[in-house]
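There are 2 protein chains.
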Amino acid sequence: MEQRAETIHLRDQLLQQLTELLRRHRRTEEAGDDHGRPPHERLKDLLDRHELDQLRHELDRLHPADVAYILEALPLDERLIVWDLVKTERDGEILLEVSDAVRETLIASMDEDELVAAAEQLDTDEIADLAPDLPREVIQDVFKSLSVEERQQLRAAMSYAEDSVGALMDFDMVEIREDVTLEVVLRYLRRLDELPDHTDQLFVVDRAAQFKGLLPVNRLLVSPPEGLVADVMVRDFVQFNPSENAQDAAAAFERYDLVSAPVVDDDGRLVGRMTVNAVVDYIRQAQDAEMLTAGGLREDEDLFASVWKSVKNRWTWLAVNLVTAFIASRVIGAFEHSIAQLVALAALMPIIAGIGGNSGNQTITMIVRALALGQISGDNARKLFIKELGVSVLNGVIWGSVVGLFAFLIYHSWALGFVMTAAMLLNLLLAGVMGVSIPLLMEKLGRDPALGSSVLITAITDSGGFFIFLGLATLFLVR
Amino acid sequence: MEQRAETIHLRDQLLQQLTELLRRHRRTEEAGDDHGRPPHERLKDLLDRHELDQLRHELDRLHPADVAYILEALPLDERLIVWDLVKTERDGEILLEVSDAVRETLIASMDEDELVAAAEQLDTDEIADLAPDLPREVIQDVFKSLSVEERQQLRAAMSYAEDSVGALMDFDMVEIREDVTLEVVLRYLRRLDELPDHTDQLFVVDRAAQFKGLLPVNRLLVSPPEGLVADVMVRDFVQFNPSENAQDAAAAFERYDLVSAPVVDDDGRLVGRMTVNAVVDYIRQAQDAEMLTAGGLREDEDLFASVWKSVKNRWTWLAVNLVTAFIASRVIGAFEHSIAQLVALAALMPIIAGIGGNSGNQTITMIVRALALGQISGDNARKLFIKELGVSVLNGVIWGSVVGLFAFLIYHSWALGFVMTAAMLLNLLLAGVMGVSIPLLMEKLGRDPALGSSVLITAITDSGGFFIFLGLATLFLVR
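Residue numbers (the numbering used here), protein chains in the order written: chain X, 57 to 535; chain L, 57 to 535.
Keep in mind the hints are simulated off the structure, nothing from the lab.
A couple of the hints might just be wrong.
Any copy will do: because identical chains look the same in the list, a pair fits if it lies in one copy or spans two.
[As the list claims (entries may be wrong)] Here are the simulated DMTMM-like pairs of lysine to aspartate or glutamate, each with C-alpha atoms no more than 20 angstroms apart in a straight line:
1) K268 - E250
2) K439 - D356
3) K368 - E160
4) K439 - D321
5) K500 - E218
6) K200 - E168
7) K439 - D133
8) K439 - E76
9) K268 - D323
10) K500 - E310
11) K365 - E160
12) K439 - D337
13) K439 - E128
14) K268 - E206
15) K500 - D68
16) K143 - E170
17) K268 - D219
18) K439 - E282
19) K368 - E346
20) K500 - E205
21) K200 - E170
In this text, all values refer to a predicted model and were calculated from it rather than measured experimentally.
Please construct the entire structure, taking both the sequences and the accompanying hints into account.
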């Protein structure tokens, strides 16, 4: 793996340069009218040979992750020009680095042979990562080119669920026997050209591939060479099952500061290893997905996706919210008689609903986080409930008074002020109760409390807030 | 470091057991009325000697991160009992593992001597992590107990900003010279009892501590021992400056799959190293902080914090939202005349505001993410603008028609339906324009676009939505 100090600087410079170059030519191109071929090909014709060579050379010097970065930041036409310039044998590793949305655009621009060639450059666990995006024929061709052992690995890697340890593991393990001396191990290693990345420990297995233990490289280095592997190896370690949840494995890596860990099947056979770089990528992706979901996007969106694709990616969330908005609207509709008599209600009601939603979301955030960290058990749930009710009451008194005063100052009615205060207190109580109950209930029903809790609480505090406020007003203010 | 397969299971079992035990005794205790001493001491008296010994023994077997986990999940009184049972020499490492909020409660229960003893067990970079939470006198005492070199390290580590590489680095480096053979290096390593965690490479420095290069352990293992370090070492690597942003460093670790990396000061001297476990912790914490902020919490909240503490932690967000709600309320207030004439407006207006807010937040999420990934440059900002406008128009037509139809079906007025459709289209356009502009502007002003963008867009689409809808209605529907 290349690691260069100036690599990031180089990348940013190149991206700058590319954008400049392509913009200049795009202007020329927009003036012309050769509409026969795809725009990125026409654009490319406008770059002269020297410029193309220069670009190709610069791209060759970049780390695959940096080429991926450049591809992500370019609009589609420019992206495909750069993609054409990348050396064929690097296609595979770069496809692994780009986001799903961008990968789709790149794969769509490649023909079958190119895809097979790209996939054949990769390790079997990496092919498995790409597989869902590849056409079936390509996978079949790749499969034929593999050795028996590799086919087995690929089949295994593709058989595990997306969020399982099996999907994240790789097969780059150095395996040793326990009945040899460290001297022998050192000599064996020296015969290899290089060790797999992230080899912080060697895996001790017996002839039946049964997993026996770990020999940390650091221990190998400080121990007398004449000792036996069996005497030096670690028998007490964290191991994972391939069907285990990747999130739990990631938490274990974080908790125990692991660099690599064995993946062992139900029969005690070593089937792969998990490394910290896969964990870091996983954490990032999970985080990203969470952020997108929280923002109401169904999935990762190519920054330069078509308008139509973007609309499709966003419609679910808008539709769900529209339904809850319709319900809230009908709640208000039920009190039209009161509003007609006291129009101030219409101006004040969004305050009650809005602050209730904010407060409910604060509670939800707390609880969802505690659930994710496994901090909530049956016993302390009751305690949490009481605490959140306390927070709601205190907040209700404080903010209820503020909004009550606001209502009084604007509309000069003490009665209206009191109704405002009472409605705020009640809606914050509703928000507190629901903010604790919804995530706990979702967890109990086996659903992810991080998904949908926020929409639900907002819907409840909106409709509930309108109902409480307009209801109280109808009881006490309207004849 | 101990790593046990059954450790997680053991931990969960112990937590279960503890909760049971403590609950039983708490019942007994609530019946009594010995109010002279803090509740956790009274509680403790009720556990018999045997139970305490048992607990202590179980805790000793757990990894510090697992003890931390248990402490986080227990209410304050129970937490302090467990904390008292933990061996003094483990206090330091456990304090490092717990969250800020819980650490505060633990430190508050310890006297000065205990704190000094705990801190003295730690490495200097770890002491620096704890330092902000320790009383000044404790730090002074600890400082006195350190060697000259350690004092220098501690001073250095404490001098860097919280989110800098300097604050995350440690000093556990194995340094070697370039003019020796690998054989000598191997012999040198064998004289050490163990190597620091995450030693995937050795750091080559000259007599003046000038950093020369890296010798990956994997390369050391596969190269002939008679070769010179200078011939085998890597001169092409990613290095960091201690004042660099930790986020950039974390991105580099992720991009180049690093396990450790040198931290080199402006004069080319090796001052520390950064390791992947610090990066993983950093990523998690940053993610956590982001989630809390998005949920409207100022900081990490101890699940069992007092009601008053929780209220303080949440008030900023509620206050900000109250101000925006007041503004929206006054916008509606300006149209009270129209609402009085056509009360349906009050029931329909939250739909326009709500969907505008949702759509705006979708755009913000996209843009903030792209900015964080560095994908937006001056040139493609214009492209993005056009794309988001396109999305807004398409969404406006689709959802505008839906809400227009809804209004017609309920209120049997085509005119009202059309106003609804037009208002939705306009508010979605406003959401699109602002959704792109706000984060770009914040970035330009040097502020973090992830903070506050969401509040701002919601405020704008609320007040804006009310204004657009009620304004159009006043123009076209009201006499």
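Comparing the hints with the structure gives:
1. K268 - E250: neither (24 angstroms within a copy, 22 angstroms between copies)
2. K439 - D356: This pair counts as between: shortest inter-copy Cα distance 19 angstroms, intra-copy 38 angstroms.
3. K368 - E160: Answer is within; shortest intra-copy Cα gap is 16 angstroms, inter-copy 47 angstroms.
4. K439 - D321: The answer is neither: 40 angstroms in one copy and 50 angstroms across copies each exceed 20 angstroms.
5. K500 - E218: neither (23 angstroms within a copy, 38 angstroms between copies)
6. K200 - E168: within (14 angstroms within a copy, 69 angstroms between copies)
7. K439 - D133: between (58 angstroms within a copy, 13 angstroms between copies)
8. K439 - E76: between (60 angstroms within a copy, 15 angstroms between copies)
9. K268 - D323: within (12 angstroms within a copy, 48 angstroms between copies)
10. K500 - E310: neither (26 angstroms within a copy, 35 angstroms between copies)
11. K365 - E160: Result: close within a single copy only, 13 angstroms intra versus 48 angstroms inter.
12. K439 - D337: Neither. Shortest intra-copy (37 angstroms) and inter-copy (29 angstroms) distances fail the 20 angstroms Cα cut-off.
13. K439 - E128: For K439 and E128, only the inter-copy Cα distance (14 angstroms) is at most 20 angstroms; the intra-copy one is 48 angstroms.
14. K268 - E206: Neither, since 23 angstroms and 40 angstroms both go past 20 angstroms.
15. K500 - D68: Cα proximity of K500 and D68: across copies only (18 angstroms, versus 48 angstroms in one copy).
16. K143 - E170: Close inside one copy (11 angstroms), not across copies (61 angstroms); limit 20 angstroms.
17. K268 - D219: neither (27 angstroms within a copy, 42 angstroms between copies)
18. K439 - E282: neither (59 angstroms within a copy, 66 angstroms between copies)
19. K368 - E346: within (19 angstroms within a copy, 27 angstroms between copies)
20. K500 - E205: Result: close neither inside a copy nor across copies, 42 angstroms intra and 54 angstroms inter.
21. K200 - E170: Answer is within; shortest intra-copy Cα gap is 16 angstroms, inter-copy 66 angstroms.
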